[in-house]
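Listed below, chain by chain, are the residues.
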Amino acid sequence: MIDKKIVEIFMKEGIEPVLSVPCNLLAGILRKIERTPIRHIPVCREEEGIGIAAGAALAGGKPLLLMQNSGLGNSINALMSLTRLYKLPLFLLMSHRGGPGEKISAQIPMGAAAPDLLRTLGINFITIKTAHDLHGLQKLIRKTYALQEINAAFLARELWNEAK
Amino acid sequence: MKRSDVIKEISALDGLIVSTLGFPSRELYAVHDSARNFYMLGSMGLVSSVGLGIACSQKKQVYVIDGDGSILMNLGSLATIAHHAPANYCLIIIDNKAYGSTGNQATCTAKKTDLVKVAQGAGNKNVRRVTSIAALRRTLQLFSDRCIIIVAETDRYAEEVPIIPLTPVDIKVRFMREVTCRSKTTDNR
Chain A
1 MIDKKIVEIF
11 MKEGIEPVLS
21 VPCNLLAGIL
31 RKIERTPIRH
41 IPVCREEEGI
51 GIAAGAALAG
61 GKPLLLMQNS
71 GLGNSINALM
81 SLTRLYKLPL
91 FLLMSHRGGP
101 GEKISAQIPM
111 GAAAPDLLRT
121 LGINFITIKT
131 AHDLHGLQKL
141 IRKTYALQEI
151 NAAFLARELW
161 NEAK
Chain B
1 MKRSDVIKEI
11 SALDGLIVST
21 LGFPSRELYA
31 VHDSARNFYM
41 LGSMGLVSSV
51 GLGIACSQKK
61 QVYVIDGDGS
71 ILMNLGSLAT
81 IAHHAPANYC
91 LIIIDNKAYG
101 STGNQATCTA
111 KKTDLVKVAQ
121 GAGNKNVRRV
131 TSIAALRRTL
141 QLFSDRCIII
151 VAETDRYAEE
161 VPIIPLTPVD
171 IKVRFMREVT
181 CRSKTTDNR
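Those protein sequence lines, which keep their order, are chains A and B. Take the first sequence: its letter number 84 is residue 84 in the numbering used here, and every next letter is one higher. Take the second sequence: its letter number 47 is residue 47 in the numbering used here, and every next letter is one higher.
I should point out that these hints are in silico values taken from the structure, not numbers from a laboratory. Hints may contain errors.
When the alpha-carbon atoms are kept at most 30 angstroms apart in a straight line, the in silico DSBU-like pairs for lysine-lysine are as follows [to be verified]:
1) A:Lys4 / A:Lys143
2) A:Lys129 / A:Lys32
3) B:Lys59 / B:Lys8
4) A:Lys139 / A:Lys87
5) B:Lys117 / B:Lys97
6) A:Lys87 / B:Lys60
7) A:Lys32 / B:Lys59
8) A:Lys12 / B:Lys60
9) A:Lys12 / B:Lys59
10) B:Lys59 / A:Lys143
11) B:Lys8 / B:Lys97
12) A:Lys5 / A:Lys129
13) B:Lys60 / A:Lys143
14) A:Lys87 / B:Lys59
15) A:Lys103 / A:Lys32
16) A:Lys12 / A:Lys143
17) B:Lys125 / B:Lys60
18) A:Lys5 / A:Lys32
19) A:Lys12 / A:Lys103
20) A:Lys87 / A:Lys103
21) A:Lys32 / A:Lys143
Please take these sequences and the hints and turn them into a complete structure.
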């Protein structure tokens, strides 16, 4: 249900293309995107997605990068010296790993650091914990392309627990 | 063959041009500044990705001027290019086997790495090595309607060229105007 609602927001807001590096939590969203007409470009590394997103924005697109928060670490220079430098719009939609219920220890340090990294970079973000928060997601996505900003949202693990 | 000779050749073609940071962008600016040029000023390695994003999002031909040091930073891009292979995408990797903008330190292509084989191994069908302007011209003509990667081997020579005096936002705004007005023209046909 959550996955479907998120992809519906992409459709309503005219998101295209979606760049992605997979995450177990995002698997449902990725499957749903494949059933829409939205152009989906899987990339090898998140930073590469920042580059393709910049090109898509230059051609008038509304790019969105779907990834784990670990991908934020792989993208920082590009976010500043490409997306921010040229004032291009980009939405970062990240599964937030490393919190309660995380079984992979390597996710914990970066998961803890990610929110402060965004603050340091001056990237506005929200955390989506329940279906109720999705309204805020749609608003922030719309603002991103209207004002040519970089904005982000974390999708908390509990978002999917709630759905079950 | 000098890098600036390759750049001159590309700048004479009809299409959008995206160039990697440092000397390639500065030489392109000096050879022929135009609104259809998008100069990368940072993010070394990402120019091939930026060009791919443009090529996948509109119909106009896209030429990407990359370097050996730069593509070595983003080899995954060669796999993504192979996967999508838009027909309006042409990647020219100028291989001078050195980090030319930082004092000509050797890159891995100076010794073992063959970028033609790397690009082929990533799954790209059309990959060519050129060592002369005549061969470059022939290759560009032959593959004008297909996704192509050209590795152009050049000397380690940089022209005396100025820093690009445009602001990043100026570069973007005039480039976007060019992309939009041209793609509209195409759509109306």
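Hint check results:
1. A:Lys4 / A:Lys143: It holds: about 22 angstroms lies between the C-alpha atoms, which stays within 30 angstroms.
2. A:Lys129 / A:Lys32: holds, 20 angstroms
3. B:Lys59 / B:Lys8: Since the Cα atoms of Lys59 (chain B) and Lys8 (chain B) sit roughly 23 angstroms apart, the hinted pair holds (cutoff 30 angstroms).
4. A:Lys139 / A:Lys87: Given pair Lys139 (chain A), Lys87 (chain A) holds - Cα atoms ~20 angstroms apart, limit 30 angstroms.
5. B:Lys117 / B:Lys97: The given pair, whose Cα atoms are some 15 angstroms apart, holds under the 30 angstroms limit.
6. A:Lys87 / B:Lys60: Holds, at about 23 angstroms.
7. A:Lys32 / B:Lys59: Between Lys32 (chain A) and Lys59 (chain B) the Cα gap is close to 27 angstroms, so the pair holds against 30 angstroms.
8. A:Lys12 / B:Lys60: This hinted pair holds, its Cα atoms lying about 27 angstroms apart.
9. A:Lys12 / B:Lys59: holds, 24 angstroms
10. B:Lys59 / A:Lys143: Holds, at about 28 angstroms.
11. B:Lys8 / B:Lys97: holds, 20 angstroms
12. A:Lys5 / A:Lys129: Between Lys5 (chain A) and Lys129 (chain A) the Cα gap is close to 14 angstroms, so the pair holds against 30 angstroms.
13. B:Lys60 / A:Lys143: holds, 29 angstroms
14. A:Lys87 / B:Lys59: holds, 24 angstroms
15. A:Lys103 / A:Lys32: Between Lys103 (chain A) and Lys32 (chain A) the Cα gap is close to 26 angstroms, so the pair holds against 30 angstroms.
16. A:Lys12 / A:Lys143: Holds. Lys12 (chain A) to Lys143 (chain A) sits at ~14 angstroms (cutoff 30 angstroms).
17. B:Lys125 / B:Lys60: holds, 21 angstroms
18. A:Lys5 / A:Lys32: Roughly 10 angstroms separates the two Cα atoms, so the pair holds.
19. A:Lys12 / A:Lys103: Violated - the C-alpha atoms of Lys103 (chain A) and Lys12 (chain A) are around 35 angstroms apart, more than 30 angstroms.
20. A:Lys87 / A:Lys103: violated, 38 angstroms
21. A:Lys32 / A:Lys143: holds, 24 angstroms
The structure fails hints 19 and 20 (numbered hints given earlier, in ascending order).
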